[in-house]
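**Student:** Residues per chain are reported as follows:
Protein chains: 2
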Amino acid sequence: MTTPAAQASAAPPAARAYRRLSVEQRRAQLLDAALHLFAHRTPEEVSFDDVAEAAGVSRPLVYRYFPGGKQQLYEAALRSAADELEQCFAEPRAGALTWRLGRALDRYLAFVDEHDTGFSALLKGGGVAATSRTGAIIDEVRRTAAEQVLVHLAGTGADPGVRLRATVRMWITAVESASLVWLDEGKTPSRDTLRDWLLDQFLAMVTATAAGDADAARVVRAALALETAEGPAGSLLRRLLPVVGGAGHLLG
Amino acid sequence: MTTPAAQASAAPPAARAYRRLSVEQRRAQLLDAALHLFAHRTPEEVSFDDVAEAAGVSRPLVYRYFPGGKQQLYEAALRSAADELEQCFAEPRAGALTWRLGRALDRYLAFVDEHDTGFSALLKGGGVAATSRTGAIIDEVRRTAAEQVLVHLAGTGADPGVRLRATVRMWITAVESASLVWLDEGKTPSRDTLRDWLLDQFLAMVTATAAGDADAARVVRAALALETAEGPAGSLLRRLLPVVGGAGHLLG
Numbered sequence: 001m002t003t004p005a006a007q008a009s010a011a012p013p014a015a016r017a018y019r020r021l022s023v024e025q026r027r028a029q030l031l032d033a034a035l036h037l038f039a040h041r042t043p044e045e046v047s048f049d050d051v052a053e054a055a056g057v058s059r060p061l062v063y064r065y066f067p068g069g070k071q072q073l074y075e076a077a078l079r080s081a082a083d084e085l086e087q088c089f090a091e092p093r094a095g096a097l098t099w100r101l102g103r104a105l106d107r108y109l110a111f112v113d114e115h116d117t118g119f120s121a122l123l124k125g126g127g128v129a130a131t132s133r134t135g136a137i138i139d140e141v142r143r144t145a146a147e148q149v150l151v152h153l154a155g156t157g158a159d160p161g162v163r164l165r166a167t168v169r170m171w172i173t174a175v176e177s178a179s180l181v182w183l184d185e186g187k188t189p190s191r192d193t194l195r196d197w198l199l200d201q202f203l204a205m206v207t208a209t210a211a212g213d214a215d216a217a218r219v220v221r222a223a224l225a226l227e228t229a230e231g232p233a234g235s236l237l238r239r240l241l242p243v244v245g246g247a248g249h250l251l252g
Numbered sequence: 001m002t003t004p005a006a007q008a009s010a011a012p013p014a015a016r017a018y019r020r021l022s023v024e025q026r027r028a029q030l031l032d033a034a035l036h037l038f039a040h041r042t043p044e045e046v047s048f049d050d051v052a053e054a055a056g057v058s059r060p061l062v063y064r065y066f067p068g069g070k071q072q073l074y075e076a077a078l079r080s081a082a083d084e085l086e087q088c089f090a091e092p093r094a095g096a097l098t099w100r101l102g103r104a105l106d107r108y109l110a111f112v113d114e115h116d117t118g119f120s121a122l123l124k125g126g127g128v129a130a131t132s133r134t135g136a137i138i139d140e141v142r143r144t145a146a147e148q149v150l151v152h153l154a155g156t157g158a159d160p161g162v163r164l165r166a167t168v169r170m171w172i173t174a175v176e177s178a179s180l181v182w183l184d185e186g187k188t189p190s191r192d193t194l195r196d197w198l199l200d201q202f203l204a205m206v207t208a209t210a211a212g213d214a215d216a217a218r219v220v221r222a223a224l225a226l227e228t229a230e231g232p233a234g235s236l237l238r239r240l241l242p243v244v245g246g247a248g249h250l251l252g
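Chains as they are written, first to last, in the numbering used here: chain H, 1 to 252; chain E, 1 to 252.
You can take every hint at face value.
Same chains, same names: a pair is fine if it fits in one copy or spans any two.
Okay, derived cross-link-like pairs now, DMTMM-like style, lysine to aspartate or glutamate, Cα gap no bigger than 25 Å in a straight line:
| id | residue 1 | residue 2 |
| --- | --- | --- |
| 1 | Lys-70 | Glu-86 |
| 2 | Lys-187 | Asp-159 |
| 3 | Lys-124 | Asp-83 |
| 4 | Lys-187 | Asp-215 |
| 5 | Lys-124 | Glu-44 |
| 6 | Lys-124 | Glu-140 |
| 7 | Lys-187 | Glu-147 |
| 8 | Lys-70 | Asp-49 |
| 9 | Lys-124 | Asp-192 |
| 10 | Lys-70 | Asp-32 |
| 11 | Lys-124 | Glu-75 |
| 12 | Lys-70 | Glu-53 |
Hints were generated in silico from the structure; no laboratory data involved.
Please work from the sequences and hints to get the whole structure.
**Tutor:** Shown next, in the form of structure tokens:
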């Protein structure tokens with residue numbers, strides 16, 4: 001939208017932008033440009049000049065905001081990406097568990113899709129940009145995601161127990177691992193298929209843990225009671241029957 | 001054991017050791033001392049002097065073998081630990097799958113137990129010793145372990161399919177994640193309990209994948225046919241019944 005004030009200005013767009021942004025707005029604009037670049041290239045492939053060019057500003061201006069150089073910019077972009085990721089698992093506590101988790105996974109996988117190269121480079125680790133600070137940010141995202149999933153699984157009242165907590169953390173790392181494989185495979189199968197498979201895995205993992213842990217069994221039985229025949233849990237149960245149907249000998 | 005030659009020598013023990021080891025033996029001895037130190041402390045807490053002292057040699061001698069300093073020594077120790085870890089999943093291809101995997105897990109968890117602090121520091125990452133080379137070694141161990149598990153699951157002939165491959169990789173990361181939680185929890189529950197739980201998780205994950213993938217279903221059905229009622233698969237199936245027994249509404 002062109003405002004009357006902008007029409008009246010004779011300055012070129014970039015120069016106008018210099019004047020019109022507050023410090024916070026400018027910082028957000030630079031971070032946004034950096035995050036976009038870091039999303040689609042490895043950290044090594046992004047230079048300070050690239051960020052200045054993408055934001056339409058001078059290199060010294062970027063340095064004024066990020067005097068620590070590319071590493072500081074990378075960590076700030078990662079911080080903002082982490083905030084976005086942590087929001088993925090925030091979902092109203094209503095309805096069946098798999099419905100809520102499915103929506104969270106949809107947001108998570110959309111993020112992975114959008115930030116593909118950067119996500120891959122970050123989690124495969126070992127690049128020059130990987131430091132104890134970037135490692136701490138990644139761990140924080142995992143921890144936050146696990147806590148949010150536990151709230152959906154068990155509510156905030158009852159303690160789900162150490163084993164079920166560990167299972168959710170294992171599922172979070174399995175989701176990461178599956179996301180990396182999905183990116184390596186050129187984003188096949190579809191995001192919806194990947195989501196449904198990760199929901200199957202979630203149900204299988206927490207139910208297997210419930211098979212050996214009384215605290216987990218209480219929580220999982222309550223969660224399954226809210227699932228429906230038409231939903232993911234009903235679908236998985238029906239699809240499991242032909243796989244284990246031939247294994248009657250295991251019941252002894 | 002004191003040999004006649006050693007009895008005849010008037011040199012002090014350390015000096016005798018200097019003369020008697022070949023280059024390869026000396027390198028192995030230094031690596032062994034380094035691996036022991038790195039196993040029980042973070043890389044930051046191990047100095048070059050510590051390694052020299054533990055090996056009973058002078059600091060310049062350690063430098064002669066590892067001119068790249070502590071980082072070179074750390075990477076060489078990690079390399080030797082990785083070789084040991086990769087052997088954990090090498091198991092004769094005979095008997096039920098869960099029997100073979102159980103033995104592999106016993107070896108893996110014994111390694112984790114033995115190298116607790118170093119294992120934790122390495123996989124939590126982000127320390128100064130983490131480089132693209134250490135990251136590549138970790139990835140190689142994961143890949144090798146996944147390939148060996150796939151051989152046990154599907155043999156070397158039939159292709160298990162991309163989905164089952166990804167499931168095994170997810171389980172490997174779940175095993176790592178569970179190992180880190182186990183160390184954080186002061187090595188509780190027992191290693192045997194942890195192993196049985198990880199076997200439950202393996203069976204649950206591959207069976208859930210088989211529920212949505214024809215290639216995986218073929219492989220998993222064949223594997224389940226070799227399991228017994230007395231083994232882990234029979235035990236899991238019986239323990240699952242009370243958890244899902246109340247969920248008859250899911251069958252529609």
